[in-house]
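Peer 1: Chains as they are written, first to last, in our numbering: chain C, 1148 to 1944; chain P, 163 to 256.
Keep in mind that the hints are not guaranteed to be accurate.
Here are the computed distance ranges between Cβ atoms for each label pair [what the hints assert, rightly or not]:
(1) C/S1900 / P/R198: 31 to 39 Å
(2) C/D1894 / P/G195: 25 to 33 Å
(3) C/N1660 / P/R192: 44 to 52 Å
(4) C/S1900 / P/R185: 22 to 30 Å
(5) P/E239 / C/R1274: 38 to 46 Å
(6) C/E1881 / P/G195: 27 to 35 Å
(7) C/S1201 / P/E239: 31 to 39 Å
(8) C/G1355 / P/E239: 45 to 53 Å
Everything labelled a hint here was simulated from the structure, so no lab data went into it.
Glycine is no exception: its CB is placed at the ideal position from the N, C-alpha and C atoms.
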Amino acid sequence: MSAPVRTALDLQALQVHGFADRGIGRYVAAYAAALAKAGRVGAALLAPELPPPSGLADDLIVRDLVVWDCIAETRRLLAEPGRIVYHVPAPFLHVGPRDPSGLAITTHWAESAAPRVVTLYDLIPLRAPRHYLPSPAHEERYRGRARWVATADLLLAISEHTRQEAIELLGCPADRVVAVGAGVDPFFAPPDGTDDELWRFHLGGLQGRPYVLTIGGSDERKGTERLVAALGRLAAQGWDLSLVIVGDLTPDWRRRIGEAAQASGVAGRVILTGSVGDDLLRACYRRAVVTVMPSLAEGSGLPVLESASCGTPALASASTALVEVSATPLAGFDPTDADSVADAISRLLSDDGRRAEVLAAQQALAACSTWEAVVERATAALDQLGDTLPPGAWTSPPLARQVALVGPVPPLGGGIGAYNLRLLAGLPGLPGDVKAYAVTANVGVPDLPAGVRHVGVSAFGPDIRPASFDGIVYTLGNSAGHLATIELALRYPGWLWLHEVRLPAIATTAFENLDDEAFESAMSWLLARAYPGRVPAGSARRAGRSNLDLIRAGIGLVAPLAERCRGFLVNSELARRMLLLDLAPLAHHPPVHVLPPGCPPVRERHPAAAGAAGAAGAAQATEPLVVAFGVVSMSKRPDLLVDAAARAGCRLAFVGPCPPILAQVIEDRARARRIEASVQVVGTVDDHGWGCWMDQATVAVQLRESVGGESSAAVLDALASGVPVVTNLATAAEYPAGTVSLLTSSDPEDIGSHLRSLMERPDDLRSLSESGQAFAADHQFDRLARELVAVVTNWVY
Amino acid sequence: MRQRVRAFLVALRRRFLAPVTVRLDTVDARLDGIDRRLDRIEIRLADIVMTVEAAGARASTATEGGVALSESQVRIERRIGEIERLLGAPAGNR
Chain C
1148 MSAPVRTALD
1158 LQALQVHGFA
1168 DRGIGRYVAA
1178 YAAALAKAGR
1188 VGAALLAPEL
1198 PPPSGLADDL
1208 IVRDLVVWDC
1218 IAETRRLLAE
1228 PGRIVYHVPA
1238 PFLHVGPRDP
1248 SGLAITTHWA
1258 ESAAPRVVTL
1268 YDLIPLRAPR
1278 HYLPSPAHEE
1288 RYRGRARWVA
1298 TADLLLAISE
1308 HTRQEAIELL
1318 GCPADRVVAV
1328 GAGVDPFFAP
1338 PDGTDDELWR
1348 FHLGGLQGRP
1358 YVLTIGGSDE
1368 RKGTERLVAA
1378 LGRLAAQGWD
1388 LSLVIVGDLT
1398 PDWRRRIGEA
1408 AQASGVAGRV
1418 ILTGSVGDDL
1428 LRACYRRAVV
1438 TVMPSLAEGS
1448 GLPVLESASC
1458 GTPALASAST
1468 ALVEVSATPL
1478 AGFDPTDADS
1488 VADAISRLLS
1498 DDGRRAEVLA
1508 AQQALAACST
1518 WEAVVERATA
1528 ALDQLGDTLP
1538 PGAWTSPPLA
1548 RQVALVGPVP
1558 PLGGGIGAYN
1568 LRLLAGLPGL
1578 PGDVKAYAVT
1588 ANVGVPDLPA
1598 GVRHVGVSAF
1608 GPDIRPASFD
1618 GIVYTLGNSA
1628 GHLATIELAL
1638 RYPGWLWLHE
1648 VRLPAIATTA
1658 FENLDDEAFE
1668 SAMSWLLARA
1678 YPGRVPAGSA
1688 RRAGRSNLDL
1698 IRAGIGLVAP
1708 LAERCRGFLV
1718 NSELARRMLL
1728 LDLAPLAHHP
1738 PVHVLPPGCP
1748 PVRERHPAAA
1758 GAAGAAGAAQ
1768 ATEPLVVAFG
1778 VVSMSKRPDL
1788 LVDAAARAGC
1798 RLAFVGPCPP
1808 ILAQVIEDRA
1818 RARRIEASVQ
1828 VVGTVDDHGW
1838 GCWMDQATVA
1848 VQLRESVGGE
1858 SSAAVLDALA
1868 SGVPVVTNLA
1878 TAAEYPAGTV
1888 SLLTSSDPED
1898 IGSHLRSLME
1908 RPDDLRSLSE
1918 SGQAFAADHQ
1928 FDRLARELVA
1938 VVTNWVY
Chain P
163 MRQRVRAFLV
173 ALRRRFLAPV
183 TVRLDTVDAR
193 LDGIDRRLDR
203 IEIRLADIVM
213 TVEAAGARAS
223 TATEGGVALS
233 ESQVRIERRI
243 GEIERLLGAP
253 AGNR
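Input sequences plus hints: build the corresponding full structure.
Peer 2: Structure below.
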């Protein structure tokens, strides 16, 4: 005999507001507990994107079955011996676009090819699409999900009516749809005198007053207004009855019920309890003269059986699944006719024999409607499925490793965007079948390397489940351009790749439009959030909106991000140390991994082509040329470079985006030093121009005013191009000795002497060039990609 | 004789040193002026640095994130609000 089929049971229904506390949530909670008791739950899956579960049975936790539904767990479950199905007991939670309940189908389960089982409650929206699917988006989503349900390997219907609906509306083969029914919790039992105090406290005003009970809802289908009208008819006939409506109604529906009661002359007889717990619901069942379910359509109608279990007969519409739970035609009425409803109530209440007969029939049905019985039918169907499907259906192919890189790619993102693109190119080719996704805020689909799929930021979460990725990497720099990345990082924890470890500019540029008072207020709150109990208030106030001053004051503002991430990735050991200084001292932190630099491919230099770049000072072309590559900013001290060039007697070029005001500063400075003919601000160049300048440069220089822990893409480019690099960049000191020529002073005289002296030593220049290229060859993007994937997917190469 | 020599020296001083003293005074005054200018330049430089920083921040916003290319100001505002909500900012913080 084969081993029993187990389930990976999706419990999202317990996490979605509006479902967890209602019929479907209660069904899922009780079914899961009973299935676990029968030993058929391999894992109870909770969606990491949703709120904590409500009504989760303790037994599932005790048995260590509850896990977050993610690709790693799927892989683990599929690797376990035995057969397992992916069981979704509430497939239609997912109906609202941009709504938490609109969570997409889990890609990792879809790709696992594990057999799929669903539980079906009803298909009422397909019967009344104009009412339940108000927009094309709703309809598309619902019908899409219906198709997904229809192709399940096994459908468990909660009633025979729903089973027939699946066959008729979804076209499911009859042998794939099994009615398993619903269970009545043994909690619903006849009066035992234990809830009098509870009853008096909540509904003491009803003491001694006979009442009809119904479970309402903010939906016309529930027929509550018609029941109120029926109450009016009964009152006119002399019946002294009240109506208790249990259920969470919207304000609009409370008003509608009130108006209906007014119109029927029973305003003082209608009591709305709102949402109640099971204990008060049971107390209501026990004391009602009759429970009435006037709904036009239901997939089951559990309240009928719960009421009977509590010793109160129920009347229900003679339609849909309510016919099944009513147990006898004596309990039915026409739900479209208030007179029929009133007549059914009056006949039941005036005929003790009829009342007893209805109650006996319903109690008999309730007695065999247990969760054990439901699970028995379900497990029989599962095992039948086990016998029916070919053995190959139970063997899942290995799941590819899914990696998402969230952040800009060109034309967005400057240096980080370019770095991301180069990295992405290295991902798909890695051993172990890596699937790479680029999640970007780009408008339209950007040009991506072959094999990399694109996901827009707004689709990540609602349409593409983050939990389906082995690793999510958020690439961050210090500007408000990364807000979309931050928002996703806070929602869906992953690895934060900090290209800069101090991020005050994200806040200052995001708050750019605020007036001073609002800015200070917003920053104060953020500082208190990042440095609780030790706010650097004074230095922050002095710094104001100055990013340089905020950084100098050690304000990195990274701590709030550290609360919700798998770990940090940084580009240097120095960055790691600086990051740890910004996080809460003497507390636990997420892991911090130092990644190797990624260099572009090593290229040959072609000095002959250099002229195309059009360097300054053609007359002095024989003089050595120092080039500052990359974005020009004050933190790179272009003023010092001009002074140093004057001292060194060389030409100087700034190649990269340069704000006009800095170009002015550079030109003024060059004029003051009388070297204006030798200094050129080139500005932005294309790839070809960039290469020409690389070919032409005698030395590439990169200065930083302060220690930031960042690496420089311009330096890595120069190394790959064989251009000797002179820098005071602290992270470059971590490269092997001889890779770059390190500056130890920021005095322009010293820098100038250093440059002059180096440029007079051709052997040293050649040695730097060769070492730089060797370093670049050893630090290509494929190596970076491999190490990144190893860290974020916990994969060992 | 002694007196004649002294008178000669006084005349010599008057003739040659007085203009030098006047010149020195002038130079002194100019130096004061330069000092004041340097102060003004220093203030202006600080001003420029601030402007540059602001321009740099805007430039980096444009280049780093390409916000203008990707998202409208309204969406950015909404993101900021959403980030604040995720971080637990009290309502109306901004």
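Peer 1: Does the Cβ distance between C/D1894 and P/G195 fall inside 25 to 33 Å?
Peer 2: Holds: the Cβ-Cβ distance is about 29 Å, inside 25 to 33 Å.
Peer 1: Between C/S1900 and P/R198, does the C-beta distance stay in 31 to 39 Å?
Peer 2: holds, 34 Å
Peer 1: So does C/S1900 sit 22 to 30 Å from P/R185, Cβ to Cβ?
Peer 2: Cβ of C/S1900 to Cβ of P/R185: about 38 Å, so the range 22 to 30 Å is violated.
Peer 1: For the range 31 to 39 Å, tell me whether the beta carbons of C/S1201 and P/E239 fit it or not.
Peer 2: Once the Cβ atoms are compared, 33 Å apart, the range 31 to 39 Å for P/E239 and C/S1201 holds.
Peer 1: Return holds or violated for the Cβ distance of C/E1881 and P/G195 against the range 27 to 35 Å.
Peer 2: violated, 50 Å
Peer 1: Given the hint of 44 to 52 Å, is the C-beta distance from C/N1660 to P/R192 inside that range or not?
Peer 2: holds, 47 Å
Peer 1: Taking 45 to 53 Å as the stated bounds, is the beta-carbon spacing between C/G1355 and P/E239 within them?
Peer 2: Given range 45 to 53 Å: violated, Cβ gap about 59 Å.
Peer 1: Quick check: does the Cβ-Cβ distance between P/E239 and C/R1274 fall within 38 to 46 Å?
Peer 2: The hinted range 38 to 46 Å holds for P/E239 and C/R1274, with Cβ atoms some 42 Å apart.
Violated hints, listed in ascending order, are 4, 6 and 8; each of the other numbered hints is respected by the structure.
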